Amino acid sequence: MSDIAASDRIAELEANPERIGFLSWVASVDHKQIGIMYMLSALFFFGLGGLEALIIRAQLAMPGNHIVTPDTFNQLFSMHGTTMIFLVVMPVLAGLTAYVIPLMVGARDVAFPRLNAFSFWVQLFGGVLLYFSFVAGGAPNAGWFSYAPLSEPAYSFNNGVTYWILGLAGVGVGSLAGAINMAVTILKLRVPGMTIRRLPLFCWMTLVNSFLMIFALPVINAALVLLLADRLLNAHIFTPAFGGSAILWQHYFWGFGHPEVYIMILPAFAIISEVIPVFAGKPIYGYEFVAGSTVAIAFMSFAVWAHHMFAVGLGHLFDLFFGISTMAIAVPTGIKIFNWTATLYQGRLRFTTAMKFAVAFIVMFTIGGLSGVSFAVVPLDWQLTDTYYLVAHLHYVLFGGAIFAIFAGIYYWFPKMSGRMLDERVGNWHFWITFIGFNLTFLVQHLLGMMGMPRRVFTYPDWPWWMTLNMISTIGAFVLLISVIVFLWNIVSSLNHGEIAGDNPWDAWTLEWATSSPPPVENFDLVPPVHGRRPLWDLKHPERADELVAAAAGK
Amino acid sequence: MTGVVTLNPFSPQAAAISHLFIAILIILGGIFLLVTALVIVAIIRYRDRPDAPEARQVFGSHRLEIAWTVAPILLLALIAVFMIRAIEASDPPVGDEHPDIRVTGHQWWWEAQYPSSGALVANEIHIPVGKSLLVEVDSADVIHDFWVPELARKIDAIPGHVNHVWIRADRPGVYQGVCAEFCGAEHTWMRLIVVAEPQADFDAWQSAQLTNPPTPKEGMEARGLQLVKDQTCLNCHAISGLPGHKNIGPDLTHIAGRQILAGGAASNTPENLFRWLKDPASIKPESHMPNFQLSDDSVHALVAYMETLK
Ligand SMILES: [Cu+2]
Ligand SMILES: [Cu+2]
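Chains as they are written, first to last, in the working numbering: chain A, 1 to 555; chain B, 1001 to 1310.
Worth flagging that the hints you see were computed from the coordinates, not collected in a lab.
Just so you know, these numbers come straight off a predicted model, no measurement behind them.
All residues carry an ideal CB built from backbone N, CA and C; glycine is no exception.
Hints may contain errors.
[As the list claims (entries may be wrong)] Chain A is faced by these chain B residues, among others (derived, beta-carbon under 7 angstroms):
{"id": "1", "residue": "Asp1156"}
{"id": "2", "residue": "Pro1159"}
{"id": "3", "residue": "Asp1201"}
Same shape as in the complex, but just chain B (with noise of 0.2 angstroms):
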């Protein structure tokens, strides 16, 4: 979804924010007015003209200073009130609760992990409607932050510092989310997806996730198969059912049920699969994938054999 996304909550923390932030933007408007209509009231009624009396020798008023002193730190006071009883709800305290899902931040795609089902998943994650779900966030490299603005807050992936955050969304739908911190060349293309259904659906995406799609015994599947058995493809991506096991690059297990690749750089469909791997590049100029310079045919195959993946 898109539109104004920070003042457009889906979920009680997110609203949180939200109202606190229409709060604020309505007090610091109304300061805003104050000092400018003081200024333009000042431009208008002192400036220079030929009749205008001598300026007066003020030198101040210690009784008027005091007001604007003191006059903000109520205002701040009751900012910081207003901040106080928002911030639990904006963020809701971890306690001893097991992690729903394990986010970790890659140069530049997002890994997900269910701990208590075992399913692995890139860049698309998969949520019950209305039900909130603690978020574990580290990374396997640089800083990262995990955002998902409709949902939560957001949060730093950082090596050796692990984070929490809790998201949930009350409607189903696909929320955008994005790194947002520089993370490095195509921090630009490290965006995610998150798909909440309905719990019957969520169970059984999470299922099909944690079957292996059927092996292509013969055609252009079987051909694409032995091309990443025998190109260097398993040292970096894992594909359940196959020799390697996850490394820098994403699970490509179900990759053909993902709606974006590379980070949102392209849409899934089985042309700019194409283009990928083909050449990386041309979608997402310095990402750690390599090029293979496969010719059209084996890329062919291995569409085809990828397409199989769902």
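Extracted from the complex, chain A is given alone in its bound form (with noise of 0.2 angstroms):
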């Protein structure tokens, strides 16, 4: 379609209020609108868990600061975790698949339309109610990974960890189903010609996700059950003063936790395979080795989960298995950073901001990989884990890693989304302003760690330097404040004023930006020829599509 056709199709939306109405967004069942609902619940929960966020670094800006009580504190950080983590990355990429994943596979909608609302619902839900808990006598103050037993109710008082429970189940049932949706739309929805071999990166590596948290999420349900059986009933699976075993929360929850490390950074290596070499103008460099270790990945996340419990003191055989399984992992994830970075060279880069947020998240999440590496050197852990060291590590994989690689993804998909053009100028002051403030933050906290600062205490003794970096990192903070204003400045006057964006503002390839920008109701009139990977490549240059050029190079 044409430009003209485009901004034809806009003004056809604004003559058709029942389109975008209320009620249109609520009973709906196709997943542009589901995957754009869910975005919206992911910025509604980051700037809570945002604004959290900044209440724990005010209060550590100085030492015996008293701007919140210790079990407020505690909440605060309890809720940030589980909010970042199950309410805003989950879900920003539980929408983000949902809206590009049938348009890239050329799909009419997913495979099953009302299961996507219901998991977007039911995770909503999950959301609210975890955050009803904070009217409903105190928010979970058992931090997000709720270790027993401390988490059991002879130590937490309120019905925090209650809500924590139930808020996680709907989450991980809405996720579950997701999964599910995900994994069958791109096997069976394809349009003729996609091979699995041909498929876009970004739909190979969400249908290796969706598989990994079809695995991992039934282990956080059952675990979460059984804590409720504790809380509810005195079934005392996790209090050991009663022939429970509170080292069996910590298998099951990190037996969970450690593959959704990676449920949350697939999506986003996904993100970062499809803006770089569209950037770059040139195909991904090693599509084989990128989709395989993608693989490789998800088999090996299911045996590193004990690297989480280096100290918990099971002897040193055990220790060294899941450290050299978690060195093991790093190789696999290593490829991928180097695959990118190839991909980078003899390329025409084109730096708009979703590749400034993409190429910058090649060094920062090499950075989080890194020190993930000296984790799993396990002398190093048994210094450094619950430190700073450890915050630093884990904000550098989930921001610098996911939430870079979600920006760069909402600045790359916005204009088929909105029909509009995020702008570009205030997109690279919010591009600056993120990276400089996010290395402010935690770049410091890796001495602090180093330094013998331990996570999750409200204050700390005035020894030297100690309030000089916590002052560096919250001020980074307060800057990360900054660009998240500027990044919602640049959505709401670019929805209004933004450039039409046309069908495929940045000559991509893959079927999404075949259509209109909003695609139609029914996605594509219709869907182009798929010979290879690159389908609108294909289209383009005909003389030099893919399956020429790698028949003439005889493979």
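Make one complex out of these two single chains by using the hints.
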């Protein structure tokens, strides 16, 4: 479709308010509307989780601050972690995939549209239930991993942990249903011609990730039921004083929790694997290695969970096994880093905001990955675990990694979703403020951890350098606040005045760019033929179509 | 002691970890510089310019990709060898030794018992310099973690799961320790100190811990003692020579000889002790020590008595 047709589409939507009215959203089973609602709910919780983080950082700016009480502080960091993981990163990725996947495979919708709506609403209900705890006597205060027996009623006096269990169960069920939906969509609804080997990497990784979720989420859901039995029925499954086992909870939790890390990062890899090639103007370097290493990560992620438990004292042999398996999982991750970097070489790099976030992702995620390796080295973990070094590590993975990739994805697909471009100049500001704020906040935390500052403390002794480093971190957090405001401003103003996008503003290659922006309800009037991994490239360069090039190279 | 404690070891086991740490930091730093340099070079050389050539449509190179699969494997194998070699030195095996100290985590303070002598102390552990001591670690309630970074690895204190760790200090000094596993409201103030001193000083300290302080007969001190008996203090605290035994509060027999109060929330001065007994929340808002709503006079008497518990 041409640009004129796209602006017609926007005009048509504006003329037909029933298609954009409130009920059309709430009752929708359209994957695009559900995807957008997912992302909006994630944005809402991002605000809450960010606010919690700011209060935490304000409290820690100086030793001896009394901005919040110890218990409130504990509620804040428990909610911050839970929110960012389960109500921000997972839903925004679920929304992005729900929106993009059917378009990318040339389908009309996901395989089970009603189940898709159910996934969204049950996860939103879970999130609301979790936040309802604030007015129902107190939020969960046992940390995002709710270690027993601290999470048992004997030590956690409010109902917060019960809300945590129920809220997470909602998110867990929703995500599980969503994963099944995505897997079936990718496996069954691809247009003819799109074989598994021609699947865009975004779909490949989403497919692998869906299976990861299908196997990992039941573990946490089961553990949540057991903990609920402990809390409500005095089952004493995790209370050693009555014959239960506190360590068992940790095995359950991390049995899910480590795959969960990859559940958050594989979709980020997926985004990066689309954005970098498009803005480098060349195909991904080593499609097979990137896809294959994803499968390897998925399998291996189930054999590394106990690297979260080296301080538990389970024996050297046990620790060594998990230390080595954790190092092994760094290999397929490293392959990806090198393949993305190699994709940049000999390219013609267009530094749009999406590309800036994607390239920064490579470096930031490398820092997080390397500090992750230092936790695989068992004796180092014995010193560094549960300190601010760990806080720094996980934020380089989940913020410098996942969130940077998500921003790249939003700048990349926003034109498709809204029909308008995000402003590139504001985007440039957004990128740089985020980049600087993020590194200010978290780089110094490595050092704080090495200096012995444990995580989850509401204050600290006034020792040399402790206040300076904490203050830098707090300033960084407020710089991040500014970056979020710039981002929101960009979204709101671009929605109203942004340049009209047209079908394919980036000159990208996957099928979603073959339809109008935003796409019609039925997605495509006509799906272009698929003979390779880059159908729109092939259309544009029929004489140099990927399959011809491959045939000429004798593969 | 403070500073970058994880790189500032005072025992062979902490040194084994810190040497390993430095080696790994160098390796990881090298990889980081390599990746960053590659990215920066790409940004500079291949950024879009009006005269830039079209991107070359390369699809990959199995040779190169195998190279950057194998190279990290070799590097990680090297790291794994370092790790395996360092693991015993960082955390020497227990064998069938008996513990020299039994440490128990409580919400939110540390109890330490010396089984061979019977001495019982809180939040302040004394050790003789240059001797390896086996510490047995467990918990009376939730999971805590015993961590004195300059002297040893950290180790969880888990109810129903006894752990062991060797500590040692090769130089006299006061070493900071802290609970490293989140354990509830006052996790922050669950610190401890380890005082390493020459054997003779240690022996003197230990025998002092074993003698009961004199019972005051008159004056403020005697009034304080009476208050301790009349209030419910001894339900939670032990003071040897008085009825009651150790429970959820720290042993107070030698409270006046300790340097820190309430898990490091304050230093142990008569003024802070006054504040603590007047209103524990003013020092450690959510501790399990109740506020007895005592008059200033009574608190002065209590402090006077406590100051005799040397
Ligand atoms: Cu993990
Ligand atoms: Cu603790």
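### Indices of hints not satisfied (ascending)
3
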